[in-house]
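Trainee: Just so you know, the sequences run in chain order A and B.
What the first sequence shows, in the UniProt record's numbering, is residues 1 to 528, in sequence order.
What the second sequence shows, in the UniProt record's numbering, is residues 1 to 308, in sequence order.
Hints listed in this document are in silico derivations from the structure and should not be mistaken for laboratory results.
Treat the hints loosely; a few may be bogus.
Unchecked claim - Listed next, the in silico BS3-like pairs over lysine-lysine satisfying Cα-Cα at most 27 Å (straight line):
(1) B:K50 - A:K142
(2) A:K195 - B:K82
(3) A:K132 - B:K212
(4) A:K96 - A:K77
(5) A:K188 - B:K7
(6) A:K195 - B:K50
Here's the letter readout for the chains.
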Amino acid sequence: MHCKRRSLIAAITLSSGLMAGPLYAETLDIGVMGELASFDTSQVSGGVWESQILMDVYEGLLKQNPEGELMPGMATKWEVSEDGETYTFRLREGAKWSDGEPVTAEDFVFGWQHLLDPASASKYAYLLYPIKNAEAVNAGDKPLDALGAESLDGGKTLKVTLESPTPFFLQLLTHYTAYPVPKHAVEKYGDDWVKMDNIVTNGAFKPVEWISQSRISVEKNPEYYDASDVSLDGVNYFTTEDRNAAISRFRAGELDIIRDYPSSRYQWLKDNLPDATHLSPMLGSYYYVLNAREGRPTADARIREALNLVVRRKVLSEQIMAGSFKDAYSLVPPGTSRYEVQRMDGVDGDYQARLAKAKQLIKEAGYGPDNPLNLQLRYNTSDEHKKIAIALAAMWKPLGVNIQMINAEATVHYQTIQQGDFDIARAGWIADYNDAENFLTLLRSGVGNNYGGYSNPEYDKLLDQAANTLDLDKRQQLLQQAENVALDDYALAPLLYYVTRNLVNPSIAGWQDNAEDDHPSRWVTFTE
Amino acid sequence: MLTYTLKRLLQAVPTMLVVITLSFFLMRVAPGGPFDGERQLPPEIEANLKAAYHLDDPLPMQYLRYMGNLLQGDFGPSFKYKDFSVTELIAQGFPVSLEIGGLAILLALLLGLPLGIIAALRRNSAVDYAVMSVALAGIAVPNFVIAPILALVFGVLLAWLPAGGWNGGALPNLVLPVIALSIQQIAYIARMMRASMIEVLGSHYIRTARAKGLSERQVIWRHAIRPALLPVTSYLGPAVAGIITGSVVIEQIFGIPGIGRYFVQGALNRDYTLVMGTVVFYGALIVLMNLLVDLIYSALDPQIRYDD
Numbered sequence: 001m002h003c004k005r006r007s008l009i010a011a012i013t014l015s016s017g018l019m020a021g022p023l024y025a026e027t028l029d030i031g032v033m034g035e036l037a038s039f040d041t042s043q044v045s046g047g048v049w050e051s052q053i054l055m056d057v058y059e060g061l062l063k064q065n066p067e068g069e070l071m072p073g074m075a076t077k078w079e080v081s082e083d084g085e086t087y088t089f090r091l092r093e094g095a096k097w098s099d100g101e102p103v104t105a106e107d108f109v110f111g112w113q114h115l116l117d118p119a120s121a122s123k124y125a126y127l128l129y130p131i132k133n134a135e136a137v138n139a140g141d142k143p144l145d146a147l148g149a150e151s152l153d154g155g156k157t158l159k160v161t162l163e164s165p166t167p168f169f170l171q172l173l174t175h176y177t178a179y180p181v182p183k184h185a186v187e188k189y190g191d192d193w194v195k196m197d198n199i200v201t202n203g204a205f206k207p208v209e210w211i212s213q214s215r216i217s218v219e220k221n222p223e224y225y226d227a228s229d230v231s232l233d234g235v236n237y238f239t240t241e242d243r244n245a246a247i248s249r250f251r252a253g254e255l256d257i258i259r260d261y262p263s264s265r266y267q268w269l270k271d272n273l274p275d276a277t278h279l280s281p282m283l284g285s286y287y288y289v290l291n292a293r294e295g296r297p298t299a300d301a302r303i304r305e306a307l308n309l310v311v312r313r314k315v316l317s318e319q320i321m322a323g324s325f326k327d328a329y330s331l332v333p334p335g336t337s338r339y340e341v342q343r344m345d346g347v348d349g350d351y352q353a354r355l356a357k358a359k360q361l362i363k364e365a366g367y368g369p370d371n372p373l374n375l376q377l378r379y380n381t382s383d384e385h386k387k388i389a390i391a392l393a394a395m396w397k398p399l400g401v402n403i404q405m406i407n408a409e410a411t412v413h414y415q416t417i418q419q420g421d422f423d424i425a426r427a428g429w430i431a432d433y434n435d436a437e438n439f440l441t442l443l444r445s446g447v448g449n450n451y452g453g454y455s456n457p458e459y460d461k462l463l464d465q466a467a468n469t470l471d472l473d474k475r476q477q478l479l480q481q482a483e484n485v486a487l488d489d490y491a492l493a494p495l496l497y498y499v500t501r502n503l504v505n506p507s508i509a510g511w512q513d514n515a516e517d518d519h520p521s522r523w524v525t526f527t528e
Numbered sequence: 001m002l003t004y005t006l007k008r009l010l011q012a013v014p015t016m017l018v019v020i021t022l023s024f025f026l027m028r029v030a031p032g033g034p035f036d037g038e039r040q041l042p043p044e045i046e047a048n049l050k051a052a053y054h055l056d057d058p059l060p061m062q063y064l065r066y067m068g069n070l071l072q073g074d075f076g077p078s079f080k081y082k083d084f085s086v087t088e089l090i091a092q093g094f095p096v097s098l099e100i101g102g103l104a105i106l107l108a109l110l111l112g113l114p115l116g117i118i119a120a121l122r123r124n125s126a127v128d129y130a131v132m133s134v135a136l137a138g139i140a141v142p143n144f145v146i147a148p149i150l151a152l153v154f155g156v157l158l159a160w161l162p163a164g165g166w167n168g169g170a171l172p173n174l175v176l177p178v179i180a181l182s183i184q185q186i187a188y189i190a191r192m193m194r195a196s197m198i199e200v201l202g203s204h205y206i207r208t209a210r211a212k213g214l215s216e217r218q219v220i221w222r223h224a225i226r227p228a229l230l231p232v233t234s235y236l237g238p239a240v241a242g243i244i245t246g247s248v249v250i251e252q253i254f255g256i257p258g259i260g261r262y263f264v265q266g267a268l269n270r271d272y273t274l275v276m277g278t279v280v281f282y283g284a285l286i287v288l289m290n291l292l293v294d295l296i297y298s299a300l301d302p303q304i305r306y307d308d
């Protein structure tokens with residue numbers, strides 16, 4: 001099977017698009033950039049590659065189609081109360097775990113309690129905090145059964161009560177933190193329920209083998225309610241941390257899909273494997289944090305504006321990053337549902353005019369040849385971040401700004417900037433769920449991920465109002481208004497929007513680019 | 001000999017203790033913790049994590065707990081790879097690294113030793129220059145350059161061998177990583193063997209052997225090679241330990257599930273238990289290898305005796 005595919009890909013590579021003979025591939029080989037932390041969804045470390053594997057083996061109340069849109073999953077119907085605080089889900093008849101046991105509302109309640117149990121020490125438990133008492137349960141202040149999730153009708157109905165109306169709650173349910181956990185298996189095996197011999201899952205595939213740092217293999221789950229509609233016999237996820245090596249393996253026909261190829265190879269791939277090279281907008285923002293804490297030069301809005309004015313974002317995206325990013329003028333990226341992209345004022349158009357204005361602002365702020373502006377720029381070690389940092393330092397040079405660049409490995413970088421010890425710092429945010437609030441909360445006063453310590457009561461107020469607004473159009477207006485407040489304050493320097501970068505064997509169907517970069521394998525088929 | 005071996009093993013205990021203690025505290029002194037990352041965690045979640053891994057205990061208590069578990073052969077759970085214990089990770093990865101590394105060392109000896117001997121015997125000839133230039137190139141070009149080139153040429157362009165993957169250790173998957181891993185070793189060993197061979201050939205007892213009228217072949221085989229092997233042997237101790245504990249570069253490029261990358265990933269993720277596990281394992285291996293080298297020494301050189 002492999003040999004046939006290898007020769008096919010070789011043929012594609014050489015003749016760029018010409019098809020060879022028939023191919024009988026029922027197993028999909030995907031190169032993912034890292035190792036899964038655990039099949040226990042409470043223990044996952046947050047890598048994008050982890051969601052790829054987990055969404056193939058588990059299914060939440062809702063699932064996604066190839067375009068990333070929501071559709072019924074383990075729940076076939078749901079109702080939302082008028083106040084937006086109670087959701088009632090009707091569980092799918094005949095939904096089963098891979099050992100044939102039925103999937104019930106109990107498994108959801110159990111799974112969520114397990115995730116929020118302080119003893120589980122789950123890193124991403126906070127994603128379920130919209131559920132009533134979730135935060136208190138997670139802090140150990142309330143018992144597990146105080147959680148606002150109830151199994152009714154002998155497990156056929158799940159009633160979820162929220163803390164407050166959460167318009168993105170359904171989006172959240174596709175995240176792995178909201179997957180069910182097989183209560184019967186955990187009761188039988190304890191912590192060992194995730195071992196390959198014991199594990200049961202409710203998705204289109206079930207795990208069968210795991211060679212740490214090499215490969216995870218899953219095969220079609222015959223108990224899956226839609227099994228007859230799943231084309232693949234199985235999927236192998238190969239840990240391919242060296243992404244250039246992954247490209248070689250793709251070209252050799254050993255892999256059908258590579259997630260997140262290196263941006264530096266984009267031009268080459270586009271020229272040489274045009275049919276296989278995918279690049280499309282993603283829900284992610286690459287930005288520089290400007291430290292607004294007192295005592296920092298960047299606490300002065302004029303300095304923040306000046307720094308923003310002279311950044312040539314098109315140069316960054318098209319020349320420095322060779323088209324593998326999109327230039328950004330806001331925090332919330334395009335593709336965010338129920339949101340129109342906003343735009344920072346004055347940061348495009350005639351460069352000379354922008355430069356002149358920026359110089360003026362720097363002067364007004366009290367800096368000049370006698371009192372040069374020295375700023376410390378921190379970034380986490382990577383070639384990409386380094387290139388961008390150097391380019392920006394050069395762009396800020398005409399303002400008389402001296403940039404001192406400091407790089408550190410990611411752990412140290414984030415620890416330092418969380419403590420506020422910087423003027424300018426590189427940061428990025430990939431959406432947890434498709435909603436503008438997930439980005440805008442980064443600038444809320446006192447929030448941990450608000451590295452720059454930006455604080456504007458008007459901004460916070462608008463976000464609070466949005467959180468309590470059930471009318472989705474009105475909520476959208478409030479969120480957009482909030483972002484504009486921050487953009488008018490030049491609260492950060494938006495630089496680039498992330499894009500999804502995937503190499504996909506052209507003979508695959510059912511694989512669509514989407515802003516969340518979620519690609520459930522259950523839709524994938526080989527066309528030849 | 002047995003007494004000597006036992007004595008050496010006993011001496012290793014304090015050494016290991018120092019290694020473990022130093023690594024334990026150095027790791028904790030390093031800035032950044034296992035749960036620091038892009039996303040700052042809510043305080044209650046951080047508290048849960050710290051409690052789950054006993055990181056909220058005072059450091060000396062954490063140390064004692066670790067030593068206690070270690071004495072029972074328990075390296076603890078990995079902070080990052082939750083479905084495996086550190087012991088399981090090492091047990092799964094080491095045989096793979098051992099296989100690749102062992103083959104690479106074997107290949108390096110099979111090619112490096114003869115090349116070095118030939119170069120020494122044909123000193124300053126075209127053969128010598130050729131061997132030494134190639135060896136110098138082998139040392140100079142790092143394996144993170146060689147490995148992708150091998151994968152590209154033999155995996156992609158010629159399609160003779162897999163460009164990566166382990167595939168349960170199938171022979172075709174072994175070829176490229178073993179070659180990539182051995183090239184530098186071949187070069188080192190050839191150069192070392194040449195130098196030591198030249199030195200031996202100039203010594204008095206070789207002159208004596210020749211004066212006795214032994215044939216050149218007898219001189220070389222019976223009198224020159226054995227002593228010339230000594231420096232190579234002492235090099236091999238740490239080299240073998242280094243190679244069979246895996247190479248992070250080779251493992252990443254070829255997607256091999258060895259333990260090499262745990263050293264780097266453990267450190268980068270501040271996966272304390274994983275780092276400690278690999279350090280203890282590597283330390284023990286070095287001690288064993290050095291002991292082995294000393295024992296081989298005595299077999300090679302009759303002047304070296306390890307009697308009591």
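Trainee: Failing hints, ascending?
Mentor: Violated hints (numbers, rising): 3, 5; every other hint is consistent with the structure.
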